[in-house]
Amino acid sequence: MNKPNLSARGILKDWGITNFRVIDKKAISEITLGASILATGGGGDPEIGLLWTYKVLDEGKEILMVDPMDVPDEIQTASTACLGAAIVLTEKPPSSDVLSLAMERLETYLGRKIQATIPLECGGVNSPVSYAAAGEMGVPVIDVDGMNRAFPELQMTSWVTHGMHSSPTVSVDNRKNVTVIDTGDDDVLAETLARRAAMAYGGISWIATYPLTGRQLKETSILNSQSIAWAIGRAVMHARQEHLDPIGELLKSLKEERNVEGFRVFRGKIIDINRDFGSETNKGFTLGTVTLDGIDSYKGQTATLNFQNEWLNLRVDGKVLCLPPDLIAILDSETGEPIRTDIMKYGYRGTVVLIPAHERMRTSRGIEMFGPRHFGYNLDYVPVEELNTNGGDD
Amino acid sequence: MEEKGQLRVGFDVGGTFTDGVLMQGRNVLSKAKSLTTQDVTGGIVEALDEVLTKSGANPAHVAMVSLGTTHTTNALIERRNLNQVGIFRLGAPATTAIPPLTGWPEDLKQAIGGSELVHIIRGGSEYDGRDIVPLDTKAIDDACRSMKGKVDSVAITGVFSPIINDHEERAAKIVRDVLGDDVHITLSHRIATISLLERENSTILNASVISVMQRAVKSLRSAVRERGIDAPLFIVQNDGSVMSADYAVDYPIFTVASGPAASVRGAVYLSGIEDGVVVDIGGTSTDVAYIVNGFPRESSITATIGGVKTNIRCPDLLSIALGGGTIIKHDGNDVSSLGPESVGYNLVRLGKSFGGPLLTVHDTAVALGKLQQKLDVFKTSYATHPDKIAAVPKPLINAAWAKIKTTIEEVIDKMKTTPEPVPAIFIGGGAMVVPKENIAGVSEVLSPDHFEVGGAVGTTIAEIGAYAEGVVDLDIDDRDEAIARVTEHAKDNAALAGAIRDTVEVIDVEEIPFTYMPGKREKIRIRVKGQVLR
Chain A
319 MNKPNLSARG
329 ILKDWGITNF
339 RVIDKKAISE
349 ITLGASILAT
359 GGGGDPEIGL
369 LWTYKVLDEG
379 KEILMVDPMD
389 VPDEIQTAST
399 ACLGAAIVLT
409 EKPPSSDVLS
419 LAMERLETYL
429 GRKIQATIPL
439 ECGGVNSPVS
449 YAAAGEMGVP
459 VIDVDGMNRA
469 FPELQMTSWV
479 THGMHSSPTV
489 SVDNRKNVTV
499 IDTGDDDVLA
509 ETLARRAAMA
519 YGGISWIATY
529 PLTGRQLKET
539 SILNSQSIAW
549 AIGRAVMHAR
559 QEHLDPIGEL
569 LKSLKEERNV
579 EGFRVFRGKI
589 IDINRDFGSE
599 TNKGFTLGTV
609 TLDGIDSYKG
619 QTATLNFQNE
629 WLNLRVDGKV
639 LCLPPDLIAI
649 LDSETGEPIR
659 TDIMKYGYRG
669 TVVLIPAHER
679 MRTSRGIEMF
689 GPRHFGYNLD
699 YVPVEELNTN
709 GGDD
Chain B
-17 MEEKGQLRVG
-7 FDVGGTFTDG
3 VLMQGRNVLS
13 KAKSLTTQDV
23 TGGIVEALDE
33 VLTKSGANPA
43 HVAMVSLGTT
53 HTTNALIERR
63 NLNQVGIFRL
73 GAPATTAIPP
83 LTGWPEDLKQ
93 AIGGSELVHI
103 IRGGSEYDGR
113 DIVPLDTKAI
123 DDACRSMKGK
133 VDSVAITGVF
143 SPIINDHEER
153 AAKIVRDVLG
163 DDVHITLSHR
173 IATISLLERE
183 NSTILNASVI
193 SVMQRAVKSL
203 RSAVRERGID
213 APLFIVQNDG
223 SVMSADYAVD
233 YPIFTVASGP
243 AASVRGAVYL
253 SGIEDGVVVD
263 IGGTSTDVAY
273 IVNGFPRESS
283 ITATIGGVKT
293 NIRCPDLLSI
303 ALGGGTIIKH
313 DGNDVSSLGP
323 ESVGYNLVRL
333 GKSFGGPLLT
343 VHDTAVALGK
353 LQQKLDVFKT
363 SYATHPDKIA
373 AVPKPLINAA
383 WAKIKTTIEE
393 VIDKMKTTPE
403 PVPAIFIGGG
413 AMVVPKENIA
423 GVSEVLSPDH
433 FEVGGAVGTT
443 IAEIGAYAEG
453 VVDLDIDDRD
463 EAIARVTEHA
473 KDNAALAGAI
483 RDTVEVIDVE
493 EIPFTYMPGK
503 REKIRIRVKG
513 QVLR
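The listed protein sequences correspond, in order, to chains A and B.
Our numbering numbers the first residue of the first sequence as 319 and each following residue consecutively.
Our numbering numbers the first residue of the second sequence as -17 and each following residue consecutively.
Simulated from the structure, these hints should not be mistaken for lab results.
Mixed in with the good hints, there may be bad ones.
Once the Cα atoms are required to be at most 25 Å apart in a straight line, the calculated PhoX-like pairs of lysine-lysine come out as [what the hints assert, rightly or not]:
1. A:Lys617 - B:Lys385
2. B:Lys385 - B:Lys311
3. A:Lys663 - B:Lys291
4. A:Lys617 - B:Lys387
5. B:Lys376 - A:Lys617
6. B:Lys91 - A:Lys344
7. B:Lys385 - B:Lys352
8. A:Lys373 - B:Lys91
9. B:Lys91 - A:Lys587
10. B:Lys387 - B:Lys352
11. A:Lys587 - B:Lys387
12. B:Lys120 - B:Lys155
13. B:Lys352 - B:Lys311
14. B:Lys376 - B:Lys387
15. B:Lys91 - A:Lys343
16. A:Lys663 - B:Lys505
17. B:Lys387 - B:Lys418
18. B:Lys291 - A:Lys373
19. A:Lys617 - B:Lys396
20. B:Lys385 - A:Lys587
21. A:Lys344 - B:Lys291
22. B:Lys396 - A:Lys343
23. B:Lys376 - A:Lys379
24. A:Lys663 - B:Lys502
25. A:Lys587 - A:Lys431
26. B:Lys130 - B:Lys120
27. A:Lys343 - A:Lys379
28. A:Lys663 - B:Lys396
29. A:Lys494 - B:Lys120
30. A:Lys331 - A:Lys343
31. A:Lys343 - A:Lys373
Build out the structure end to end from the sequences listed, making use of the hints.
Spelled out as structure tokens, the structure:
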């Protein structure tokens, strides 16, 4: 299914680009760690995407990343991702050609060649998977994505809030079954259909989605989101090696890379997890509330977080400190490793870090599509900077 | 006088010492410490002879011999005496992006026969029980023929086998038919849970140490028989319970956390406390475990064994650098830090109590008059130079003692899941040199008798732990029926490991939902325990 005639270097040469970054094993492990932190409790287990990318690199295939502003306006790109149940993915990793097949069928449907991949979101699964797919296909990865965090649904992107659409989306499985989803401007229906296809396949699907031109992606993506994830991941790994405070290093890198302040607002351990199946049966997400009891300087305080695969909001002693789409990460205080909603357990200990969402996620359309009211909270969105005027611990 | 059926012998093989005890009911009749030997078995036999001699007990009255051991861990770390493993994965056309042995250290890969023995076969299941594709039995047959004479152990891992094990069982039958009865077969659904790569790694590691365990069991059996003991042999598994030696030969990977788990169980047994924290204080570090219903709480973090990621269930331990030999760094009378360095076994040379230059945790306890007995390990008094201790300023001693106390309080708090105070059991050689009064978050501190051989005592608790898992769709299945079904399966597993079937009871029911998937699908995991002896 791979196209040996294509190579990422050849494509960049055609575009006249000489400035690009070579992604090696160290780079992808740093990008993936950073993306897992930005995944705000969701995004799944990084292991499979990482091992897949390592294998692609071991086979001598190159993975190259380019800056979006260098990409020609007229070229065709698309996003590649895994959509479905994280637990199924950990049990049933893909064959090497799933995403090439999805891309190929999308090309057929569009009648245009796709020359680059764009990651969909920041997450343990979908970040490295985009790189593995790019390596398998011999196309470059563009330094953007549609969220700079993880969200539970396909339409929750800066692309949609800026007038783009996920359709046509091609969804495939390991047995080479192919589903084409083309719902025009109904991005919510596309999400519903894509998820149904994943279920019918056995819980996991592999998609090529959001066909965007070079120009469209410059205007609507979260630009340099890969660099942001990379910088964060690099800072945390550096802190581990040098025995520095990983959270302090993370916040520093955020300031350097994005020029925004993150907030370290709580340290505690999980004392209660209340997973709620009830009313959301047909939505296909795990909802619930987790409670943390403060430790160290936060002793006596209580933090509660709601989650729908990802952390959604944070209250400390009843006071709201973060609302979607701003980011919440609970990180192991010693290692900076993110604690995910799908594997968290009683007794886990971590530091809560808040990060302002990217500006392109904070438009009025964005707040409407994935702000507090969308997730059922009767609250107006207030940016995390305003909710934490004292600046947290840092 | 004791009778047949009343005595139990247990051993805990540690890095330095092998401890042995002879038990009658809850009483320790005799105890022994020997140096752990290279072959492990030698040290056990020495400790066995010592407990028998000291007690004068009749070996014929021993009903159970058990041990916590490092045989398998050592073999894996040293890449020694490993089986040559034929590896089957049933999962193609899915899963091929990440073949078996990906990410393994090269030397370990070579030590078990390498990638030539890997076969990815078309087969495996979906989560709902459908075949991914029908099992390619011909390919298994062909692969077995190609491996004849090259492998002595086979690992079979099928996609979703923890839910549907049919493909693994069918593959095993073909392997048996072609390669014969002498080849060991490990099926992944008997080893670990969902998460293919980690379960496959666990399965392959298990297949690679079967001969190691087989030889250990064989030599121990003949050693105990030579001493007139006619009793079944049990091995401690990772949850701290035991399994029959025959079962351990099939599942040696379940013994990798045998030692620490046995210590926790020993603390439980000696103290009678079933829920709380166990604080095991050594010379250089302290391990804290949380006990629930008498068993160590499991870690949810993957366990790396010999450089390979696995999903073997191990106890959740939090270790800190605080022990009896930890050096107290100070600036005048202010304590700047506790360690992390420790004088370790050089305490008798470097500690102030022994005329040395350094102030240690041990020395603060001496200064405060907390020690009245000699230290077993050092075969000396707790202090040979009381003048040196008397010269240490009292405020410094008090500050150090307070710092040790808060350090212990913090680590206990980190392991707790509720704010309510819980009992704490302090064990290990360092337990007598740390504060035990008014510890925050703790209702009472116990340091039961014989705590220095707690691990060996822990192996003699005649209980067997087991678990089973299943996936249910609560939109279709009845929750109670599903739980009952998985419970029966867990009880079967306990019986297989050596428990008396009708003594098996449930200790924990866990429900884990599937995320990113519509419906009410969840994984049910049930842990049970049963008795070895009536």
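Structure-based check of all given hints:
| no. | hint | result |
| --- | --- | --- |
| 1 | A:Lys617 - B:Lys385 | 18 Å, holds |
| 2 | B:Lys385 - B:Lys311 | 11 Å, holds |
| 3 | A:Lys663 - B:Lys291 | 20 Å, holds |
| 4 | A:Lys617 - B:Lys387 | 17 Å, holds |
| 5 | B:Lys376 - A:Lys617 | 31 Å, violated |
| 6 | B:Lys91 - A:Lys344 | 22 Å, holds |
| 7 | B:Lys385 - B:Lys352 | 16 Å, holds |
| 8 | A:Lys373 - B:Lys91 | 16 Å, holds |
| 9 | B:Lys91 - A:Lys587 | 39 Å, violated |
| 10 | B:Lys387 - B:Lys352 | 14 Å, holds |
| 11 | A:Lys587 - B:Lys387 | 21 Å, holds |
| 12 | B:Lys120 - B:Lys155 | 13 Å, holds |
| 13 | B:Lys352 - B:Lys311 | 21 Å, holds |
| 14 | B:Lys376 - B:Lys387 | 17 Å, holds |
| 15 | B:Lys91 - A:Lys343 | 20 Å, holds |
| 16 | A:Lys663 - B:Lys505 | 15 Å, holds |
| 17 | B:Lys387 - B:Lys418 | 8 Å, holds |
| 18 | B:Lys291 - A:Lys373 | 17 Å, holds |
| 19 | A:Lys617 - B:Lys396 | 12 Å, holds |
| 20 | B:Lys385 - A:Lys587 | 22 Å, holds |
| 21 | A:Lys344 - B:Lys291 | 19 Å, holds |
| 22 | B:Lys396 - A:Lys343 | 34 Å, violated |
| 23 | B:Lys376 - A:Lys379 | 67 Å, violated |
| 24 | A:Lys663 - B:Lys502 | 20 Å, holds |
| 25 | A:Lys587 - A:Lys431 | 50 Å, violated |
| 26 | B:Lys130 - B:Lys120 | 16 Å, holds |
| 27 | A:Lys343 - A:Lys379 | 12 Å, holds |
| 28 | A:Lys663 - B:Lys396 | 13 Å, holds |
| 29 | A:Lys494 - B:Lys120 | 23 Å, holds |
| 30 | A:Lys331 - A:Lys343 | 24 Å, holds |
| 31 | A:Lys343 - A:Lys373 | 10 Å, holds |
Checked against the numbered hints given earlier, the structure breaks hints 5, 9, 22, 23 and 25 and satisfies all the rest.
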